[in-house]
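*Asks:* If you want the building blocks of each chain, they are given just below.
Protein chains: 4
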Amino acid sequence: MSKKIQVGVLGATGMVGQSFVKFLDGHPWFELTWVGASDRSAGKKYSEATSWRLDGSMPERIAGLTVSDCKPGNAPKLVFSAMDAAVATEIERAFAECGHFVVSNSKNHRMESDVPLLVPEINPDHLKLLAVQKKRGWKGAIATNPNCSTVALTMGLAPMKNFGIQTIIATTMQAISGAGYPGVPSMDIMANVIPFIGGEEGKMEIETQKILGTLAVDHIDPLPAKMSAHCNRVPVVDGHTVTVSAALKEKVTLKDLIHAYETYTSVPQQRNLPSAPKKPVLYLHEENRPQPRRDAGRENGMCVTVGRLRHCPVLDYKFVCLGHNTIRGAAGAAVLNAELMYSEGLLD
Amino acid sequence: MSKKIQVGVLGATGMVGQSFVKFLDGHPWFELTWVGASDRSAGKKYSEATSWRLDGSMPERIAGLTVSDCKPGNAPKLVFSAMDAAVATEIERAFAECGHFVVSNSKNHRMESDVPLLVPEINPDHLKLLAVQKKRGWKGAIATNPNCSTVALTMGLAPMKNFGIQTIIATTMQAISGAGYPGVPSMDIMANVIPFIGGEEGKMEIETQKILGTLAVDHIDPLPAKMSAHCNRVPVVDGHTVTVSAALKEKVTLKDLIHAYETYTSVPQQRNLPSAPKKPVLYLHEENRPQPRRDAGRENGMCVTVGRLRHCPVLDYKFVCLGHNTIRGAAGAAVLNAELMYSEGLLD
Amino acid sequence: MSKKIQVGVLGATGMVGQSFVKFLDGHPWFELTWVGASDRSAGKKYSEATSWRLDGSMPERIAGLTVSDCKPGNAPKLVFSAMDAAVATEIERAFAECGHFVVSNSKNHRMESDVPLLVPEINPDHLKLLAVQKKRGWKGAIATNPNCSTVALTMGLAPMKNFGIQTIIATTMQAISGAGYPGVPSMDIMANVIPFIGGEEGKMEIETQKILGTLAVDHIDPLPAKMSAHCNRVPVVDGHTVTVSAALKEKVTLKDLIHAYETYTSVPQQRNLPSAPKKPVLYLHEENRPQPRRDAGRENGMCVTVGRLRHCPVLDYKFVCLGHNTIRGAAGAAVLNAELMYSEGLLD
Amino acid sequence: MSKKIQVGVLGATGMVGQSFVKFLDGHPWFELTWVGASDRSAGKKYSEATSWRLDGSMPERIAGLTVSDCKPGNAPKLVFSAMDAAVATEIERAFAECGHFVVSNSKNHRMESDVPLLVPEINPDHLKLLAVQKKRGWKGAIATNPNCSTVALTMGLAPMKNFGIQTIIATTMQAISGAGYPGVPSMDIMANVIPFIGGEEGKMEIETQKILGTLAVDHIDPLPAKMSAHCNRVPVVDGHTVTVSAALKEKVTLKDLIHAYETYTSVPQQRNLPSAPKKPVLYLHEENRPQPRRDAGRENGMCVTVGRLRHCPVLDYKFVCLGHNTIRGAAGAAVLNAELMYSEGLLD
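Protein chains in written order, with my numbering: chain S, -13 to 334; chain C, -13 to 334; chain F, -13 to 334; chain V, -13 to 334.
Treat the hints with care, as some may be off.
Because identical chains share one entry, a pair is satisfied inside a single copy or across any pair of copies.
[Said to hold, decoys possible] Straight-line C-alpha distance at most 30 Å; calculated DSBU-like pairs for lysine-lysine: (1) 264 x 241; (2) 125 x 114; (3) 237 x 8; (4) 189 x 57.
Hints are computed from structural coordinates only; laboratory data are not their basis.
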């Protein structure tokens, strides 16, 4: 690639937007040249419009960019959306209509029938839905990535997919960074567990079925599996941990199943996409792993770690999986989606 | 009761032993007059032999007691056991053989066929097993309470018992105090989750079936329900939180089931036992409760709080429950067992 | 006291207001019969107007009270103020003008020359300033308690007062509850230290000098001591810990100084005021105490614990002190002030 | 450098030893080829002898090394010591006697008159003491780095050195990783502060005076400044935060002093040593920085961050500083010392 592709970020000043700015810093294919935010920020320098909440400093080159308002036109063709759900629907559509490729982390379009809900290691073929969006009269398109806890779960389930997943019961222990900033008050979560995250259980249940579902010309047939989620907030900074029990259609021995986990690989690895983890599902053999503080950052936060795969007395197997919620569960997920799109020639 | 019953504590200097000392302080029926510990401590004053780890100060009257070694004889007839599993088997048996009633928090005898594993609100009739122990040639007897996480789970399931529990999947988020002192290194648990507690899942699965089982003359027929546990340690001081999905034999509406939770009461409440919580299962209607830091201490730590009862897409219902692991899950559980035994005339 | 004195709380629905409601529950002298809040809440039941943030449940009797707006008139003569600083100045003055005794936890009037900044164990004579307020044309009066960290520090210094305090350097490690609700975002404080609390250092420095100062007819001459504060937020729920180095005018041996701490008592203890701790300054001899999680709640949160008194290579002595910020540092402080006022016959 | 210098680590299996292994991984000058540990581990593979406690995985090349026992002879000339204080004295001396250069993180030899206590940015000339050690009949030598909290403090004071430091009062808030593994029990530190670290205050006071002292032929004349330390443990994973008040001999304006901080540089920077941070003292202008979770990792954990420099009402200036205790305060400090020694031609 002789010259980098210019990209923009919608909602660049918020915490998810900052994650995009950080994740894109030094990207070999994409160069962030355009940052969009609300009217209040437009016209200011990015450094003035943004209270930087992430570790380390704001990338210097981005600090000097002037914030644009979130209107299509002078933005690059490829834009990442870190927009708040309250405003994402209309703005993302406006961009897609005008010919932009909107690679969105927002929840707004995830469940629309012609919008792919992508996990590149699981359902790269769902990208074909982008073509269906032309029926809307759009020159561009919208692609989405799942909710942060859903990524950890579906990646953790991916090596089981070939054995026919029939039932899933999952309990999450989710990090505070998943709630943004200011997010969870410390008075609520310090040395505590909050056994409730608004809307999260429903999202996990329905998104999982779509991600693991089958492309059917112009829509996705959801995986016909029963799925139940219990979502909890715990005092952890980064990394959503999920305990999972699952029933499978096919018989498989524990040994063979662990082997499937250890050898799992997929399209992003085969194409050597820049943000693809070497091992998308990293199986840990220690009896007490994965652990969020120690394992969420492996492979730059882009792999999902799995451990403790064993028989379940109720369903067939149970295990623990863990994903970095702000990287693999947000900015990194969207960037990997864009890399997949580029590798398919969809961004030309 | 004109005069208090004298009681002793085996293993009184450890952290669970300290919980007994604290819980018995000011008890209306029982007076702690004897503290037993290892040879190393025997002969010392309790205050000298003990590094007090609990909040507040050591009760003054107990501080002056001389520590005995853990041999039957001069100990009171009723002794609570807070002994380490490594030594509890032989010592508890020796006491029972000599005519002591050993009300034990140790795991050693829980699963023996003639030993009751009591939760007074659930299976007070299991006490009849004490008579069976006479076949061992014992003049006394051993009664046990469950593992700390099992208490929270079984109390949380108790109002469902009449509807025929068939399947249980439970995920725990357990407090650090459950591991004693020094217990969990802070380097392991600070801002982290450890998805493993040695031996805990097996204990929860098998103990739950015995507690919810049926008395059959000289043993307990376990509840014929399938049960799977996922056990995790989280950075919480006190209070084990459990998310539960359960399948029931009988049909029951959500409304009727919540009513069963709100009105649940049992023998300890009817007999007004001193340590019995007014509401053994306290149902909280807020959408984000129970929470360990805010709710574990309700009813002096003796009730189990439950919330979020709702339909489960896989099994029938799901909910969250929470119990104070060092009170209702340990010292308080054993003392309530002894109160039940006294109210049955078994301590005469 | 045959009949309780009716009292009100201004700003009763906020977190400090809730602390007053909880602290006054079951008070032997005072009965909370009036709760005032903003227009938005006025007219609602207290239970409807309030999101209860404290442990346990809202006192049942208070839940049914109707919230009034914060205007003098039908409120009881004695009102506690938990008002936000943004509105406290005018409202507290209006109440004082109309004949109410306003016992305030707000910072607004603390440094006014005719308003006492009370710590009943230290400067009960400062109450005489109330009479000076009549020059303002007020029928009532305003009395204040210090900032939460200042209470811990000044109580910790109180036994040194007779030796002539000349210099103070203090570093605080303050609990998150000191910032109210939602207060400190968990993303800021989880496993972290924030070495800054807006305005806190100035307040500690100037309030300490006034509290330890001398009554001079119509104002307080501040203690002519140099004072420097470093204020930090740490991940602790309740309890502000302060490390202190101090220089004294008089020579005193370490032994005699520790004796002064162990025997310290004052007016609230002599008068046996209901909220007075038996030992206002509780000296702990363990080498690693006081600790907020273990010691902040001693004496119902009303004492200040002190430990590690030792020589300082720079100034004369150094030590650690700790106070419960929402009890001794807020609601409990104000109630003790009112008890002192009552015992002086000032509330008649 | 055409060929790397082979190095060893004494005490390589412990937590500090692991930090050395991690820090040396990929070092441009040094290649770790020898790992020494106790008899119990000797002969095993490093991966078998070591429970890896750090984030990420053990470097693969080191995992296969065979552990030697800690005897001089076949070890490389340059060895880093991560030995426990209980055994370090004799072993380090034995190595030095036999011609090894022992660059030690242990406290044992720090205060000996002919052993340099190095902070390369502050006292590189103290290295001349190595020659004095020949009087002991040693062919090699021992160089040491300070205690972890002392590094943060002295680096934070370094830009003030030219103005004549006369008095220092420092309060630390130290991370749990400073206590090793298992270290601090979570029951002690969760949501708590422990205002005591055994021996730490004395070490900080005396080491600071030596580090800032003056080379006098065969020993160091300590800085004639009064120094007082208050040491606390707080629930933070990595990074010791220190609040400091200091009195200076020379007059200097706040503006000029901040300029001295912003422009501070020293020998390691001038020589471009591989582990030297670009800015050894990184001054942060935000009002609430530095913070351990956000700032301890800057410059790979090798710089000390400083903020909030302002007037002190008691001494002259006060500020906050922060250093990464296991990197700049341990392994990284020792490696930088060795780099300094190499750049002086001392390792030939």
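*Asks:* Hint by hint, which ones does this structure get wrong, listed from lowest number up?
*Replies:* 3
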